[in-house]
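Engineer: I would like the entire structure built from these sequences, with the hints used as guidance.
What follows is each chain in one-letter form.
There are 2 protein chains.
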Amino acid sequence: MNFEFQNPTQLIFGAGSLSRLGEAAKAHGRKALIVTGGGSVKRSGTFDRAVKSLKEAGVAFAECSGVEPNPRIKTVRRGAQIARDEGCDVIIALGGGSTMDAAKVMAAAVYYDGDPWDMIFHGQQNVYVPQKALPLIAVPTLAATGSEMNPSAVITNEETNEKSFVQAPCLYPRVALLDPELTVSVPKDQTAYGVCDLIVHVTETYFNSTARTPIQDRFAESVILAAMEYGPKAIADGTDLEAREQIQWAATLALNGWVSSGAGGTGFPVHMIEHTVSAYHDITHAAGLAIFNPSWMRFAARTNPKKFVQFAERIFGLEAKGPDDLDCAIEGIDRYEEFLKSIGCPTRFSELKIDGQLIETYADETLRIVGDGHGHLSGVPPMSREDIVAVLRAAL
Amino acid sequence: MNFEFQNPTQLIFGAGSLSRLGEAAKAHGRKALIVTGGGSVKRSGTFDRAVKSLKEAGVAFAECSGVEPNPRIKTVRRGAQIARDEGCDVIIALGGGSTMDAAKVMAAAVYYDGDPWDMIFHGQQNVYVPQKALPLIAVPTLAATGSEMNPSAVITNEETNEKSFVQAPCLYPRVALLDPELTVSVPKDQTAYGVCDLIVHVTETYFNSTARTPIQDRFAESVILAAMEYGPKAIADGTDLEAREQIQWAATLALNGWVSSGAGGTGFPVHMIEHTVSAYHDITHAAGLAIFNPSWMRFAARTNPKKFVQFAERIFGLEAKGPDDLDCAIEGIDRYEEFLKSIGCPTRFSELKIDGQLIETYADETLRIVGDGHGHLSGVPPMSREDIVAVLRAAL
Chain A
103 MNFEFQNPTQ
113 LIFGAGSLSR
123 LGEAAKAHGR
133 KALIVTGGGS
143 VKRSGTFDRA
153 VKSLKEAGVA
163 FAECSGVEPN
173 PRIKTVRRGA
183 QIARDEGCDV
193 IIALGGGSTM
203 DAAKVMAAAV
213 YYDGDPWDMI
223 FHGQQNVYVP
233 QKALPLIAVP
243 TLAATGSEMN
253 PSAVITNEET
263 NEKSFVQAPC
273 LYPRVALLDP
283 ELTVSVPKDQ
293 TAYGVCDLIV
303 HVTETYFNST
313 ARTPIQDRFA
323 ESVILAAMEY
333 GPKAIADGTD
343 LEAREQIQWA
353 ATLALNGWVS
363 SGAGGTGFPV
373 HMIEHTVSAY
383 HDITHAAGLA
393 IFNPSWMRFA
403 ARTNPKKFVQ
413 FAERIFGLEA
423 KGPDDLDCAI
433 EGIDRYEEFL
443 KSIGCPTRFS
453 ELKIDGQLIE
463 TYADETLRIV
473 GDGHGHLSGV
483 PPMSREDIVA
493 VLRAAL
Chain B
103 MNFEFQNPTQ
113 LIFGAGSLSR
123 LGEAAKAHGR
133 KALIVTGGGS
143 VKRSGTFDRA
153 VKSLKEAGVA
163 FAECSGVEPN
173 PRIKTVRRGA
183 QIARDEGCDV
193 IIALGGGSTM
203 DAAKVMAAAV
213 YYDGDPWDMI
223 FHGQQNVYVP
233 QKALPLIAVP
243 TLAATGSEMN
253 PSAVITNEET
263 NEKSFVQAPC
273 LYPRVALLDP
283 ELTVSVPKDQ
293 TAYGVCDLIV
303 HVTETYFNST
313 ARTPIQDRFA
323 ESVILAAMEY
333 GPKAIADGTD
343 LEAREQIQWA
353 ATLALNGWVS
363 SGAGGTGFPV
373 HMIEHTVSAY
383 HDITHAAGLA
393 IFNPSWMRFA
403 ARTNPKKFVQ
413 FAERIFGLEA
423 KGPDDLDCAI
433 EGIDRYEEFL
443 KSIGCPTRFS
453 ELKIDGQLIE
463 TYADETLRIV
473 GDGHGHLSGV
483 PPMSREDIVA
493 VLRAAL
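In the order they appear, the protein sequences are chains A and B.
Residues 103 to 498 in the numbering used here are what the first sequence lists, from first letter to last.
Residues 103 to 498 in the numbering used here are what the second sequence lists, from first letter to last.
Rather than coming from a laboratory, the hints here were simulated on the basis of the structure.
A virtual CB, placed ideally from N, CA and C, is assigned to each residue, including glycine.
Worth double-checking, as some hints may not be accurate.
[To be verified] Which residues of chain B face chain A? A few of them, derived with a C-beta cut under 10 Å, are:
id, residue
1, Glu106
2, Ser119
3, Thr315
4, Phe401
[Claimed, not checked] Taking lysine-lysine and the DSS-like style, the derived pairs with C-alpha atoms no more than 27 Å apart in a straight line are:
id, chain 1, residue 1, chain 2, residue 2
5, A, Lys234, B, Lys234
6, A, Lys335, B, Lys335
7, A, Lys408, B, Lys408
Structural biologist: Laid out in structure tokens, this is it:
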């Protein structure tokens, strides 16, 4: 267990904390670029409340709206240009994961003379790891990605059908302002996708490790159990503030490093493959995860049954005949898939009208963009082209 | 669940990481004050290895040795003076919790013209919250206090029999360098005390909250379960590096805020009362905790049985008849006390030759130093003078 960790993000959590946005922004700049998505923050009044708080604090602002669900590199370019033209010295992301991710890369692009796509990992020869970024304040309006307290972003290049990530210390938001009240208007389907997204963030590290990490394992299970208890409550009644709080906190914890530090995770194979599929089909990220994760789990359980048995026992209360009881492991995965269905997530590509025609292309592209350079995708076990094709096919 | 959190400490974890001390120190200064305790780091060779790493990195050093188990304010004064006289610009704490705590206050005292005792909370009228401190690198040689990744320190004033705390953001170590190999020579009794110390850090927040905090509760249980599984292994075989790793990680997590953020803890009553007792008797902090914590739990379970029932069920696998089953709660506390005995901790004051003569003084002093100003000590439930006396008496 050898690792390093540092997460400098200041966390402000609690219902009503949006009113503190101005104060938080003022600590980091004088003119903010407010980055938003498709308009829901305007319809809900969240945007106006954010602006009110900024005005009270004497912070000026410019605006970049219209970040797409799978945020495009062209939008990043546009936002960075607005920030430069308007002389913004702090960026506020007010939206979901896409908005936060786009805002992160805008914040770094302001300081980079080349094309921001250079920062996104695409093949072994990625060009530029960002070293400096404008201070970012992340205000999620959806409990899902955990982007608000981590140094990563995922961006799509619509011209090349590539969707991939960047990770750099300068991308940690300075402030994560988490106001669960902002999420009460999130519709049932998006709430369910958020729950799925956060669970998969946790399972990626949990299952892609063979190290003995008892504390990290239990931390991961803590987050999954909370998501499975409070997710359905938030879906059933969007105004259940306690449920909204719990899934907001779970989403942040799922990817801020507290669960995964030292856990020995070797990759994010489910995410990597889903990125390729959604680069081609522009599907909701978490819908792709819901479909692909159980299929991948059935594949991986054969190599690493102990972790899946532990999952079955501790998450679903099943009783295994022994630590390698594959039947119990599979039963746990089935239960997990049933849970995803029960909250309204798709679990087969056919539900999204995606057939198998491009399966080999997805595998090739995944390996080209984020493969290990030796024909495999990292994870436990590492996946060959044939493995990727087979697991995708099982999810059709 | 409204809270703020930010922990800027850089964590470097892993067997052998002491060799990275020089690199870490060089990032923060040119001349280090190395603060050490009673000499074990010299006998074990740890000090020489630390110096070697500093020399290789070109970092000069001065030394302040002899920090006591309950560190004295006079030692803090002495260390700060050495740092000033020698022109040190970074402080390295190489030792246990006492050494780290003393080093933290030295780091702040360098920038403060008054007496460092002003910084220690003693009564409602404490004088000075430190605003600035030299960068500190914490290298624990014992898995116990978690001081390496938090902004608190506990100091004793031997002239006034006061032992109390300071807490300020500037006291976060810049680096926590955790090398479990350094702990393999820790004797059995100190290892056991460390296990007890870290468990009580977790239980203070766990039990002194009535908020519904499902994730934090499970995080806390994760740490306790790991301590109870790996603690006895480390005691049985000090060279069991996996066990040393796990309790080192558990000790850091117990008090770095990851478990307690948003958990709604209202106080640290067990610590506060123990501080008073050990100010009078100079006993090992964790020995005092081992004695006093079960007694306090039996008192608090009557007010807040649900949490104690949950503890009994999840830590000891007991089956409660209902969420308020006090018998089950008490059985869990008995089991916990048995665990402490089994690893060699005292569970009655008489084992330390402390009789009841000063019990009322402890209660009065605790309320004077850290009381709420209205005759109570914060916690669930708040403790009156009579409560404190009764709980101490039950632990004689």
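Engineer: Hint check: A:Lys335 vs B:Lys335, CA-CA at most 27 Å. Holds or violated?
Structural biologist: 41 Å, violated
Engineer: Given the hinted pair A:Lys234 and B:Lys234, is their alpha-carbon gap at most 27 Å?
Structural biologist: Roughly 26 Å separates the two Cα atoms, so the pair holds.
Engineer: Can you confirm whether the C-alpha distance between A:Lys408 and B:Lys408 stays at or below 27 Å?
Structural biologist: 33 Å, violated
Engineer: Is the interface hint for B:Ser119 satisfied, with its Cβ closer than 10 Å to some Cβ of chain A?
Structural biologist: 7 Å, holds
Engineer: Does B:Phe401 pass the interface check with chain A, least Cβ-Cβ distance below 10 Å?
Structural biologist: 28 Å, violated
Engineer: So, as I understand it, the hint says B:Thr315 touches chain A; can you test that by seeing if any CB pair is closer than 10 Å?
Structural biologist: OK, holds: B:Thr315 within 10 Å of chain A, min 9 Å.
Engineer: Please verify that hint: B:Glu106, Cβ, nearest Cβ of chain A, below 10 Å or not.
Structural biologist: Hint holds; B:Glu106 Cβ to chain A Cβ min 5 Å, cut 10 Å.
Hint check: violations occur at hints 4, 6 and 7; the rest are consistent with the structure.
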